[in-house]
Amino acid sequence: MALLTPQLLRAMRKDRPARRRRRPGLLLGSLALLIASGFLPLRAEVGALKEYQVKALFLFNFAQFVEWPAAAFAGDRAPLKIGVLGADPFGPVLDAVVAGETIRERPIAIERSSQLLDLSDCHIIFVAESERLRIPAIVAATADWPVLTVGDSPDFARRGGTVAFVFEGQKIRFEINRAAAQRQGLKLSSQLLALARIVGPPVEEEGRR
Amino acid sequence: MLQFNFSCPLPALGAHGWLRWCWSAPLWLGGLLLVTTVPGLCQLAGSGSPAISSYKKLSLAQLMDIEVTSVSRRPEPLSDAASAVQVLTADEIHRSGATGIPSALRLFPNLHVARIDARQWAVAARGFNNTTTNKLLVQLDGRTLYTPLFAGVFWDVQDTLMEDVERIEVISGPGATQWGSNAVNGVINITTKPARDTQGGLLQGGMGSELQLAGAARYGGTVAPGLYYRVYGKHTQWDGSVTPRGAAGGDDWDLSQGGFRVDWERTTNDEFTFQGDIYRGVFGQPSNGDIRVKGSNLLGRWTRRFAADATTSLQFYHDYTHRMIPGVITERLAIDDVDFQHQLPSGERHQFMWGASYRQMEDRLENAEALAFLPARATRRWVSGFVQNEWRTADGEWRYTAGVKAERNPYTGTEFQPTFRVARRWTERQMAWGAISRALRTPSRIDREFFVPAEPPYLVAGGPDFVSEKLIAYELGYRAEPRSGLALSLAAFFHDYDDLRSLEPADDPAEPAQIANGLVGSSHGAELNVTYRPNESWRIRFGYTEQRVKSEVKPGSRDQISVRSQSLDPDRYLQLGISHDFSTNLSFDVTTRHVSRIANHEVPAYVELDFRLSWRPRADLELALRGRNLLDRSHPEFGATASRREVQRNVHGSFTWRF
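These protein sequences, in sequence, are chains A and B.
Add 12 to a position in the first sequence, counting from 1, and you land on the number used in the working numbering.
Add 3 to a position in the second sequence, counting from 1, and you land on the number used in the working numbering.
For the record, the hints were derived by calculation from the structure and aren't laboratory data.
Just to be clear, a hint being listed does not mean it is correct.
[To be verified] Derived DSS-like pairs: lysine-lysine, alpha-carbon spacing no greater than 30 angstroms straight-line:
#, chain 1, residue 1, chain 2, residue 2
1, A, Lys-183, A, Lys-93
2, A, Lys-183, B, Lys-196
3, A, Lys-93, B, Lys-557
4, B, Lys-473, A, Lys-183
5, A, Lys-62, B, Lys-59
Work out the full structure: start from the sequences and follow the hints.
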């Protein structure tokens, strides 16, 4: 079972861009100083992103770290399809993120539906929060499809979905159910697994990762 | 649909209410306009979100480092609970500017929350509100907050750092099967964030006209991967209330509190939580000298996950409280509680759950002359267990829940509290439910061991024959999400009470009266809640409760007084709240509420208005201006005319700095 080992975590930290470290003592002086310096926002650019903008970027990233069985595609250049199931929280953001992008020379297509069967040829299915009550049915139906199901409900992966978005404070994290991915015939890169929280039943290691 | 809901309750306000409503509407609309048109403020908001395409190159690790600006503003999922549950998230609590738990509870449309004076509150669901409301179960992180002295809550010492509260859940109606024997009319369940989610520092300070001084600090860190902690401290200082004639109420008070929480995720399936608080407070009184309180608690919990939804949890806590009320009573109370719950792996269609708990209290009282709890020292034990099964039809449309709680209490022995619930779901956007439950308010010390005065001859000599107050509750509910962002829930109830508390005069006038079960009662009503979030920057919520609560004397009872003090409830209360983000760093919240007259104490109906304006000049700093009860200099919310206190207007400014 893949766990976040201390070594792995340390390695991850090193990879991250160094954030400006602000010492408490520096600013504790006075409130006035804080307000005055407030006109120079520190993290404004990244801080202005909204939840579903970030989640759309996550989805785009996931597509790059997952290997689907060849049979999942109609041909070598067939598009990689991302489906949004249920009430779409992204608006135009998801389309903007994937516009003009290719993954392993495949263009990316977005499909939307409230019916799971309409999305049966998708490679990633984003399960919106509106579908929360149908999770057991969705998990059961997609159990042997070659599809990465990504749920917006925090318990999605724990209930058998492949990936779930969860929050840690105001930051977005994701949980991966490796057993589900294995059943679906997906290969997840070790990079992806290292950043995820692994949930669900343990799986047998397939050789060295 | 929304229009209907807005217009419907207005006639109920009466002529006076209409006026107030109309007057208040332009006020806040004007406020909104004013703020929107100040271009300078909007300038500060920055230029909105940059084009998304410029972020495509961010790595997963970088994405994980971004703090998103609207965490909980997405519409809450339609709850599939077969009970009248309302939930407030951390973001909503933060935006309300609530400075304590009772003031956060004001946001729940299914609760009647009345401020008695500067520090005391009367909180009830579905009626029978009182200064010592005893039909509500309140828990904070699994720790029961009501006192076995009178089965009510000393709200003045229930506090935590509001920034650390993750969610508050209020169930109106019985929750006795799973929750325990005080969950007759409702359950309030407060959960704080795991230490993992409160990393880094937080410094908060504020000053105002009523909440004169408020300061808080918190720091959270990581000891090792998976092992997180936080420590906090806070201090609040409140100005006293006023009497109806405008004289000082003499109830200024302050409270200091500190605490910690450690969470250890040993493996993905094993989690340990260890937390504790300590507090000390001084509460002013118009006479007799200050009330002094202190207390501490320590809680440990081990949660183990076996499969996707199979868990066990073992919890222990120790809770110590000390309250010295000069000339009345001094109490030292220690409670130890162990609780175990096991949720079995859900089968195809069944989900089974059981639990057991043991609770012991050791109460040491020093009685003064006026009244006494006898024996002054008492150790009491409760043992309880529950089983519950939930099963659904093959198509998942129907869901049935049946459960029963058995509890052995030191006064009436073993008693049973069963419930049966049915839920029917049509689509993912629509469900209805119904429930029949039996719930009990088992005896507390005040029902059995209360004497006036402390020495014979007594006027009141306990209640040796007092048995549990009983409720059979019939509920129907409907929840829907007609379109994305619009959610409504409606619950209707009929509660049938038996054996409510009375005070029975003896046959011989020279003999003392005794506490007995001489009353019956009933209540019926409906609770409506609508939230509408047309987009990420607007949020509108509307809540409306209409209820009728009555109690009457049983044949054979001679209590002519208790009937009038049993239910101190308004017939209706409603609220309208609007939240708006002008930009990612400027937001505005306004709430107006109406509470109708409380007939039994002749508390007049009122309309009040609260607002909060928040500006984040930087990502790590928030400045907030808050106004409470703005429509009047002071107004009464609860209490008999003679001893009544009034709640004053309160304006408060604060900063929150995260580092």
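To see whether the hints hold, each was checked on the structure:
Taking the CA atoms of Lys-183/A and Lys-93/A, the gap is near 27 angstroms; set against the 30 angstroms cutoff, the hint holds. About 14 angstroms separates the Cα atoms of Lys-183/A and Lys-196/B, which keeps this hinted pair within 30 angstroms; it holds. About 70 angstroms separates the Cα atoms of Lys-93/A and Lys-557/B, which puts this hinted pair outside 30 angstroms; it is violated. For the hint pairing Lys-473/B with Lys-183/A, the CA-to-CA distance comes to about 47 angstroms; that exceeds 30 angstroms, so the pair is violated.
Proposed proximity of Lys-62/A and Lys-59/B is supported: the alpha carbons are some 14 angstroms apart, at most 30 angstroms.
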